[in-house]
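Visitor: Sequence:
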Amino acid sequence: MPDLPNPTELAIPAFVLLMLVEIWWVRRRDRRAYEPRDTLTSLALGLGSTVAGALTGGLALAIAFWVYQYRLFDIGFVWWAWPIAFVFDDFAYYWVHRLGHRVRWMWAAHVIHHSSQHYNLSTALRQTWTGFFTPGLLVSLPLFWLGFHPLMIAFCGGINLIYQFWIHTEAVKRMPRWFEAVMNTPSHHRVHHAINPRYLDSNYAGVFIVWDKMFGTFVPERDDEPIRYGIVKQLGSFNLLWAAFHEWVGIARDMWSAPGLSNKLAYLLRPPGWSHDNSRETSDSIKAAWAARQGRQLPSRVTGDVTLEPAE
Numbered sequence: 001m002p003d004l005p006n007p008t009e010l011a012i013p014a015f016v017l018l019m020l021v022e023i024w025w026v027r028r029r030d031r032r033a034y035e036p037r038d039t040l041t042s043l044a045l046g047l048g049s050t051v052a053g054a055l056t057g058g059l060a061l062a063i064a065f066w067v068y069q070y071r072l073f074d075i076g077f078v079w080w081a082w083p084i085a086f087v088f089d090d091f092a093y094y095w096v097h098r099l100g101h102r103v104r105w106m107w108a109a110h111v112i113h114h115s116s117q118h119y120n121l122s123t124a125l126r127q128t129w130t131g132f133f134t135p136g137l138l139v140s141l142p143l144f145w146l147g148f149h150p151l152m153i154a155f156c157g158g159i160n161l162i163y164q165f166w167i168h169t170e171a172v173k174r175m176p177r178w179f180e181a182v183m184n185t186p187s188h189h190r191v192h193h194a195i196n197p198r199y200l201d202s203n204y205a206g207v208f209i210v211w212d213k214m215f216g217t218f219v220p221e222r223d224d225e226p227i228r229y230g231i232v233k234q235l236g237s238f239n240l241l242w243a244a245f246h247e248w249v250g251i252a253r254d255m256w257s258a259p260g261l262s263n264k265l266a267y268l269l270r271p272p273g274w275s276h277d278n279s280r281e282t283s284d285s286i287k288a289a290w291a292a293r294q295g296r297q298l299p300s301r302v303t304g305d306v307t308l309e310p311a312e
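If you're matching positions, the sequence shown starts at 1 in UniProt numbering and goes up one per residue.
To be clear, the hints were calculated from the coordinates, so they are not data collected in a lab. The beta-carbon is built from N, C-alpha and C at its ideal position, and this holds for glycine as well. Heads up, a few of these hints could be off.
Claimed, not checked - As a list, the in silico EDC-like pairs of lysine to aspartate or glutamate whose alpha-carbon atoms are at most 16 Å apart:
#	residue 1	residue 2
1	173	254
2	173	221
3	264	254
4	173	225
5	213	180
6	264	277
Stated by the list, open to error - Now the in silico label distances, taken between C-beta atoms and shown as ranges:
#	residue 1	residue 2	range
7	79	172	42 to 48 Å
8	54	24	30 to 36 Å
9	222	78	41 to 47 Å
Could you build all of it, start to finish, from the sequences and the hints given here?
Guide: Here it is, written out as structure tokens:
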């Protein structure tokens with residue numbers, strides 16, 4: 001078994017250097033692009049995520065190895081398994097990410113990443129502290145059961161995260177058309193971070209945007225609609241602990257006060273914004289209201305997700 005390094009740790013100097021270059025570049029054009037308190041909050045959340053990962057990563061790896069012992073095939077570390085593992089891991093990431101927006105339990109961990117109203121490379125470092133306490137790992141378990149070694153998948157996941165770092169920028173407008181067609185890019189990922197009704201809950205890809213195109217969640221960026229960033233109900237604070245745990249607090253409050261067990265569970269398992277008395281808005285209802293104002297029709301899907309048709 002090879003001694004694999006942690007690729008994200010090795011990439012930290014490059015992350016810092018690229019952030020400094022971006023700060024220099026964007027502040028020559030728009031001094032509002034980097035807000036010091038927001039950037040410090042992002043860096044602190046990234047540091048907290050690293051600590052949380054160190055504390056829980058061993059448990060996640062132990063679960064992966066437990067499943068791996070019942071594997072169907074002995075794939076090992078042969079050269080041809082690496083690209084296959086990378087693609088499969090990215091496919092799993094797409095579904096974990098999509099569930100992270102559609103299931104409030106998982107959104108409670110993922111919301112950290114969307115809580116900034118700025119979009120720059122420091123935003124990429126806003127990562128969860130509590131991801132281990134969601135069922136997201138279950139989506140990746142079939143990879144270990146098939147026979148992909150847990151360390152191989154962990155390494156591929158690290159490369160995936162490194163790739164995603166550079167797409168958190170407004171400094172790059174569009175990549176070549178062939179690249180935009182296959183890969184996730186700054187343009188595609190800006191849409192994912194948008195709170196404009198047109199863009200909500202779209203472009204979940206990690207590396208390959210083809211997953212969104214396959215499963216009907218792709219929405220292209222439009223030059224005639226400036227993107228607004230953040231979350232539908234903005235955080236409104238630079239408090240580190242509130243940024244990390246505010247959605248968990250909201251879930252606890254809602255479950256405590258909700259009538260009946262089914263409603264209590266629904267506050268955990270239904271989409272963010274769901275309420276038993278319909279007093280709040282989900283992304284679906286926001287998009288539907290927007291579509292009604294625009295005179296558009298949103299296609300219904302078996303999955304229950306709603307995706308916008310491209311504008312005419």
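Visitor: List in ascending order the numbers of the hints, as given earlier, that are violated by the structure.
Guide: 1 and 7
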